[in-house]
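Chains A and W, in that order, give the protein sequences. Here the first sequence is numbered in my numbering, starting from 1 and rising by one per residue. Here the second sequence is numbered in my numbering, starting from 1001 and rising by one per residue.
It cannot be assumed that every hint is accurate.
As the list claims (entries may be wrong) - Listed next, with one range per pair, are the computed distances between beta-carbon atoms:
id, chain 1, residue 1, chain 2, residue 2, range
1, W, 1198, A, 141, 46 to 52 Å
2, A, 145, W, 1237, 38 to 44 Å
3, A, 141, W, 1297, 41 to 47 Å
4, W, 1294, A, 22, 48 to 54 Å
5, A, 18, W, 1359, 26 to 32 Å
6, A, 51, W, 1219, 47 to 53 Å
7, W, 1150, A, 7, 31 to 37 Å
8, A, 153, W, 1323, 26 to 32 Å
9, W, 1019, A, 51, 48 to 54 Å
10, W, 1253, A, 7, 50 to 56 Å
11, A, 68, W, 1157, 51 to 57 Å
12, W, 1235, A, 141, 37 to 43 Å
No lab work stands behind these hints: they were computed from the structure. In this text, all values refer to a predicted model and were calculated from it rather than measured experimentally. The C-beta atom is built at its ideal place from N, Cα and C for all residues, glycine as well.
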Amino acid sequence: MSLSNEIIKQRLTEKFGDQVTGFEEPYGLLSFEAPKELNLKVLNFLYDDEQLKFRFLTDLTGVHYPDKAGRELAVVYHLHNMTDNVRLRFKVFTGINQPDVYTATGLFSGANWMERETYDFLGVNFVGHPNLKRILNVEEMDYFPLRKEFPLEDQTRIDKDDEMFGRG
Amino acid sequence: MSEHHIKLPEGSIEKTTTTLNLGPTHPATHGVMQNILELDGERIVSTEQTIGYIHRAFEKLAERRPLAQITTLTDRLNYCSSPLNNMGWHLTCEKLLGVKTPKRVDYLRVIIMELARIADHLICNSIAGVDAGAYTGFLYVMQYRELIYEIYEEVCGARLTTNIGRIGGFERNFNDIAFRKLEKFLREYPKVLKEFENLFQRNRIFMERTMGTGAISAERALNYGFTGPNLRAAGVDYDVRVHTPYSSYEDFQFNIPVGTTGDNYDRWLVREKEMWESLGIIEQAYQKVQEFKGAEAEVYHADVPAYYLPPKEDVYTKMEALIWHFKIIMGETEIPAGEVYHSIEAANGELGFYLVSDGGRTPYRLHFRRPCFVYYQAYEELIKGSMLSDAIMTMSSLNLIAGELDA
């Protein structure tokens, strides 16, 4: 029970130098980011290192930030070291024009569907994924619905015939 | 060959295996999900799962809703234990807002959460019996799920999609009938559970159907991201209630049951033992609740005027209460910016909420970490090479809930 956020931070900086940035501890959870080319190296290091042992992938998802030019899409990993019971959050950012991020399926079998879901909703292209196709939406869909350019329908619109819904 | 002949797909005559669609609507799938099985006789060669039939875009919908309105979305994730999802969501919001709930609220929540866990495990275990051909147990325990639903009803007015509790506590105090019903449950349920156990636990047919089928090792289970009873059946004692206690779980004494082989029988046993543990927790919690006297016994929510609706009579007579009421109902309160991940031990495992807020009135992004979704991908590995009938047992002992799978 001795693994603290400080130690993790130190080990990561020793290994990757100034490549890993943005260390924060919102609500006690260590959070940092790395260039997207390094995502597998960082995940592997966190997995293999005898002290860190982050061997459980709790969650993998994405966030779309349309205003951040060149880094519109974030892929967020939540990892868990179950021996010391420490969690962390790791992010990589990618541009929306070429949203290629290496897949983590080689390391975690559980990443398979989580990455498919992220692809389905945000269009992150996981390079090397064994079966990257839509999972919850229909396969014919040609856009990525969780991106911010697709607003939800305006609830005050009046141009629709609402009789069918009992609101007319 | 005339053109009236039926045209078979290329290669289908030479093919030595049979393709079978299990689902999307099939009584044994207990939900809308499809499995395209490739069978050699009755042995499964490969399978492909198709999910998403009841996808409702909760994550997108949540981006327009103020916090309080998202509770109703969480109801519809694992609808066999909605209160657990509701509480998980309230706890996430409270973490983001920095709300500290009174002890009595925590204990009342624990009672509701453990009741929901029992209701969920009860369904899963008795349905496993139905899938093995034993209907009696299922009908017998249904009475007690009904009693649990009646307790929900006394607290929040709803039964299935409960929308129970609010940010900071409960919408109203537990009434006397709720406590009487809880006492009735605590008094009668152990006997019923024991009898239910007697029907299955050492039942030769049930054991032979479940032992050694759908097994997974601890390493594979962890690699797949298993949590909850399914992980514990494989022998890993990971339980969010113990590892990162929330809602004062640290005040309670309970064991984490673990299995060894991770097969269908162990999963069934782990759920069974967990129901006993949950009963113990409810008893302790009820005792703790009764220890509050006087004004303390009337506490059922924290003081968070910006998110907790004021009493109706105040809304009509006081200006401040009226303003808060308006702001909450219209969703006009701005939530603090920040990122928070909070998880609880739901009936199926770690249910996580990843909430990103940019300081607006609604979440910027909300992601549900649904345990079902994560572990269903291991299904192919679990049933490959086994018999078709084992695939059915495996599916029901994993406790797949389509609502949670598809979000």
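Comparing the hints with the structure gives:
The hinted window of 46 to 52 Å between residue 1198 of chain W and residue 141 of chain A holds, with their beta carbons roughly 51 Å apart. For residue 145 of chain A and residue 1237 of chain W, the hinted distance range of 38 to 44 Å is satisfied, since their beta carbons lie about 39 Å from each other. Take residue 141 of chain A and residue 1297 of chain W: their Cβ atoms lie about 54 Å apart, and the range 41 to 47 Å is violated. Roughly 50 Å separates the CB atoms of residue 1294 of chain W and residue 22 of chain A, a value that falls within the hinted 48 to 54 Å.
A C-beta distance of roughly 29 Å is found between residue 18 of chain A and residue 1359 of chain W, which places it inside the suggested range of 26 to 32 Å. Remark: the range hint 47 to 53 Å for residue 51 of chain A to residue 1219 of chain W is contradicted by a beta-carbon distance near 20 Å. The hinted range of 31 to 37 Å is not satisfied by residue 1150 of chain W and residue 7 of chain A, whose Cβ atoms lie roughly 51 Å apart. Between residue 153 of chain A and residue 1323 of chain W, the C-beta spacing of about 30 Å keeps the proposed range 26 to 32 Å intact.
Range check, residue 1019 of chain W to residue 51 of chain A: about 49 Å between beta-carbon atoms, so the 48 to 54 Å window is met. Here the CB-CB span from residue 1253 of chain W to residue 7 of chain A is close to 32 Å, at odds with the stated 50 to 56 Å. Evaluation of the 51 to 57 Å hint for residue 68 of chain A and residue 1157 of chain W yields a failure: the beta carbon distance comes to about 44 Å. Checked against the given bound of 37 to 43 Å, the beta carbons of residue 1235 of chain W and residue 141 of chain A, roughly 41 Å apart, stay inside it.
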